[in-house]
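If you want the building blocks of each chain, they are given just below.
Number of protein chains: 2
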Amino acid sequence: MNDLPVTPLVRSLPSSVPFVGPETLERRRGGPFRARLGANENGFGPAPSVVAAMAAAAAQSWKYCDPENHDLKQAIAAHLGVAPENVVVGEGIDGLFGYTVRMFVEPGIAVATSQGAYPTFNFHVAGYGGRLVTVPYANDREDPQALADLARREKARLVFFANPDNPMGSWWPAADVTRLISGLPDGAVLCLDEAYGEFAPEGTLPPLDVSDPRVIRFRTFSKAYGLAGLRVAYAVGEKDVIKSFDKVRNHFGVNKLAQGAAVAALADQRYLHEVIGKVKEARERLSAIARDNGLKPLPSATNFVTIDCGRDGAFARRVLEELARRDVFVRMPGVPPLDRCIRISAGPASELDYLASVLPDSLKAARGS
Amino acid sequence: MNDLPVTPLVRSLPSSVPFVGPETLERRRGGPFRARLGANENGFGPAPSVVAAMAAAAAQSWKYCDPENHDLKQAIAAHLGVAPENVVVGEGIDGLFGYTVRMFVEPGIAVATSQGAYPTFNFHVAGYGGRLVTVPYANDREDPQALADLARREKARLVFFANPDNPMGSWWPAADVTRLISGLPDGAVLCLDEAYGEFAPEGTLPPLDVSDPRVIRFRTFSKAYGLAGLRVAYAVGEKDVIKSFDKVRNHFGVNKLAQGAAVAALADQRYLHEVIGKVKEARERLSAIARDNGLKPLPSATNFVTIDCGRDGAFARRVLEELARRDVFVRMPGVPPLDRCIRISAGPASELDYLASVLPDSLKAARGS
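Chains as they are written, first to last, in our numbering: chain X, 1 to 369; chain G, 1 to 369.
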């Protein structure tokens with residue numbers, strides 16, 4: 001390994017997979033989960049219209065995808081009321097974060113985020129040699145004021161902020177996000193992750209301002225649209241910022257079926273609203289299940305509910321493991337004090353019923369062990 | 001634009017799309033092509049078994065893809081007789097080239113290739129600040145001896161060699177590739193692009209030697225397997241080299257449907273062999289069409305035939321434009337003297353019939369203009 005002629009930066013990086021997928025866990029366990037509620041997937045699935053579009057398009061997979069993502073960019077732009085020049089499509093928000101970090105970060109450049117926020121963003125910052133600086137969450141929410149202060153103090157070039165937030169499910173009203181933007185130092189760009197934006201209450205997402213090169217908004221078809229497996233997301237921003245993605249992106253990175261499915265998904269807003277309603281019900285049910293078991297569900301503007309298990313990280317991990325032993329896949333935040341919680345995704349009633357049936361024993365076992 | 005706080009390297013890069021897709025041309029023309037023979041796609045399409053697998057899997061697209069690509073890596077490894085640890089799956093060969101260049105290249109590092117070889121590889125080299133050095137093709141083939149000499153002279157860290165070659169369709173026997181590998185300087189790694197390997201005569205691909213960290217082999221499901229739109233390819237190499245991809249790759253980059261389709265495609269070798277037979281027939285037909293029109297088809301070990309139009313690049317471009325005017329999409333090499341040729345992909349008989357019907361007039365118009 002040490003003899004490979006890789007760059008010093010690459011040599012310094014660990015080989016890792018940022019998330020252990022449920023398939024990996026299933027292979028280790030030797031069997032499938034009964035409730036797949038850990039990855040904030042949308043268990044209500046994509047719209048039937050979208051599934052039909054994919055099935056119809058499958059035979060055309062011999063054609064390369066459109067490297068310009070033209071039709072999808074047009075559809076997104078029309079949906080948002082911006083120009084196609086303000087939209088770039090990529091291989092999931094993860095892929096777009098990779099390109100963004102590559103564009104702005106080189107060794108030594110500071111990047112500001114919250115301690116315990118999205119790990120894949122951090123993976124990319126490390127991957128390009130950035131210097132990650134963090135502030136803690138405050139009361140289970142990201143702390144925009146502290147983040148802006150940090151960015152100024154450290155001369156951060158990129159600032160990560162998710163609204164609504166993962167892994168806590170919390171959110172800030174648009175006015176606070178706008179204040180964060182105003183408080184950024186000169187030369188800083190905000191990566192505003194709105195992956196869960198469709199689930200948030202009215203007034204959470206600031207109006208789009210594509211004249212502002214200091215903000216890049218990230219949205220995805222993985223969550224509300226139920227297309228996590230297709231790897232298609234987009235960023236919205238000022239047109240010169242967006243055009244810069246063409247300098248570095250894998251132009252043929254977004255699968256042809258994914259492009260078509262995303263266009264079909266945008267066209268079926270009725271289904272989207274149905275799903276958002278189902279997710280809201282599931283969140284309420286998850287909160288009730290938590291309370292029934294003496295746990296404290298946190299408020300959520302996402303498709304998951306983060307549940308305070310009332311003790312430390314070791315205890316929450318035991319709860320998670322006991323749930324896994326009972327065929328329930330959930331995840332938990334990675335850093336204290338957030339890691340006193342487990343994070344359960346919204347899903348169909350049958351899976352939540354099953355969760356409700358095994359949670360009492362899981363807690364008992366976790367307390368006893 | 002100049003005010004964006006991007007890195008100096010990114011500032012220096014052009015915003016570009018390496019290939020103009022046929023969809024873009026169709027939008028400009030205002031209508032579809034009748035013969036799509038320009039992108040070395042496989043117009044015979046994927047196997048019916050693969051299309052059925054995709055259609056059946058579409059409703060499961062709400063699940064994230066397996067970031068380890070486990071099942072596909074197992075299937076590829078079994079197919080090739082190597083270990084899964086010798087295989088990395090990525091978003092097309094383009095995506096894997098991006099990761100490879102990132103791993104080995106930093107500003108100023110020399111990378112050796114042939115003048116007129118695959119442009120997307122060069123796009124990535126530029127994108128990471130590499131210094132591209134080239135040797136010309138010799139007699140319409142890459143020149144492995146000159147390439148090895150160049151690599152030694154320039155202390156190249158990466159060397160690109162495609163066998164069979166695109167855009168010329170030429171190839172070298174395995175022994176010559178092995179000689180190229182032996183002739184590489186210390187600290188150089190060969191990127192051996194075998195995208196067209198399935199079409200090549202027996203004895204073209206050197207035996208896999210996964211003990212050698214100096215060679216990374218790239219193969220794809222885009223060509224012989226007819227899945228260009230799905231963006232799934234793989235690299236085979238020594239296990240520490242392969243493990244290094246985990247340092248930099250977008251772990252969730254390969255679409256779930258693509259992973260499943262590729263597994264299904266590998267399982268249907270009967271269909272693969274049928275397609276390879278059809279491609280061979282189509283190559284012969286394309287060569288006959290060329291000769292019937294007084295043009296010189298070059299020998300090909302790929303799914304396309306490169307045709308010497310007998311004059312200079314300007315003339316070949318006129319032929320290409322006249323074909324496009326008659327609804328035929330083809331492409332041509334980018335640099336002299338290769339650009340005296342046009343490059344036509346194998347495709348169904350109906351498309352080749354149509355090509356044959358319009359080529360005489362296209363040539364006449366090109367000569368007259």
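Calculated from the structure, these hints are not laboratory results.
Only a predicted model underlies this, so the values are computations on that prediction, with no experimental measurement involved.
One or more of the hints may lead you astray.
To be verified - Here are the computed distance ranges between Cβ atoms for each label pair:
| id | chain 1 | residue 1 | chain 2 | residue 2 | range |
| --- | --- | --- | --- | --- | --- |
| 1 | G | 71 | X | 270 | 31 to 39 angstroms |
| 2 | G | 270 | X | 201 | 52 to 60 angstroms |
| 3 | X | 152 | G | 178 | 39 to 47 angstroms |
| 4 | G | 284 | X | 56 | 27 to 35 angstroms |
| 5 | G | 27 | X | 296 | 48 to 56 angstroms |
| 6 | G | 60 | X | 280 | 22 to 30 angstroms |
| 7 | G | 20 | X | 3 | 37 to 45 angstroms |
| 8 | G | 276 | X | 3 | 37 to 45 angstroms |
| 9 | G | 83 | X | 30 | 19 to 27 angstroms |
| 10 | G | 270 | X | 296 | 19 to 27 angstroms |
As the list claims (entries may be wrong) - For the chain G half of the interface with chain X, some residues (derived, Cβ under 8 angstroms), not all of them:
| id | residue |
| --- | --- |
| 11 | 207 |
| 12 | 247 |
| 13 | 267 |
| 14 | 268 |
| 15 | 271 |
Yeah, the Cβ is synthetic: ideal placement off N, Cα and C, and Gly gets one too.
Evaluated hints:
1. 71(G) - 270(X): 31 to 39 angstroms: holds, 35 angstroms
2. 270(G) - 201(X): 52 to 60 angstroms: holds, 55 angstroms
3. 152(X) - 178(G): 39 to 47 angstroms: For residue 152(X) and residue 178(G) the Cβ distance comes to about 58 angstroms; the hint is violated.
4. 284(G) - 56(X): 27 to 35 angstroms: holds, 34 angstroms
5. 27(G) - 296(X): 48 to 56 angstroms: Given about 54 angstroms between the Cβ atoms, the range holds.
6. 60(G) - 280(X): 22 to 30 angstroms: holds, 24 angstroms
7. 20(G) - 3(X): 37 to 45 angstroms: holds, 41 angstroms
8. 276(G) - 3(X): 37 to 45 angstroms: Taking Cβ atoms as reference, residue 276(G) and residue 3(X) lie about 39 angstroms apart, which means the hint holds.
9. 83(G) - 30(X): 19 to 27 angstroms: holds, 21 angstroms
10. 270(G) - 296(X): 19 to 27 angstroms: violated, 59 angstroms
11. 207: violated, 22 angstroms
12. 247: With a closest approach of 4 angstroms, the residue 247(G) hint holds.
13. 267: violated, 16 angstroms
14. 268: violated, 14 angstroms
15. 271: violated, 13 angstroms
When each numbered hint is compared with the structure, violations occur for hints 3, 10, 11, 13, 14 and 15.
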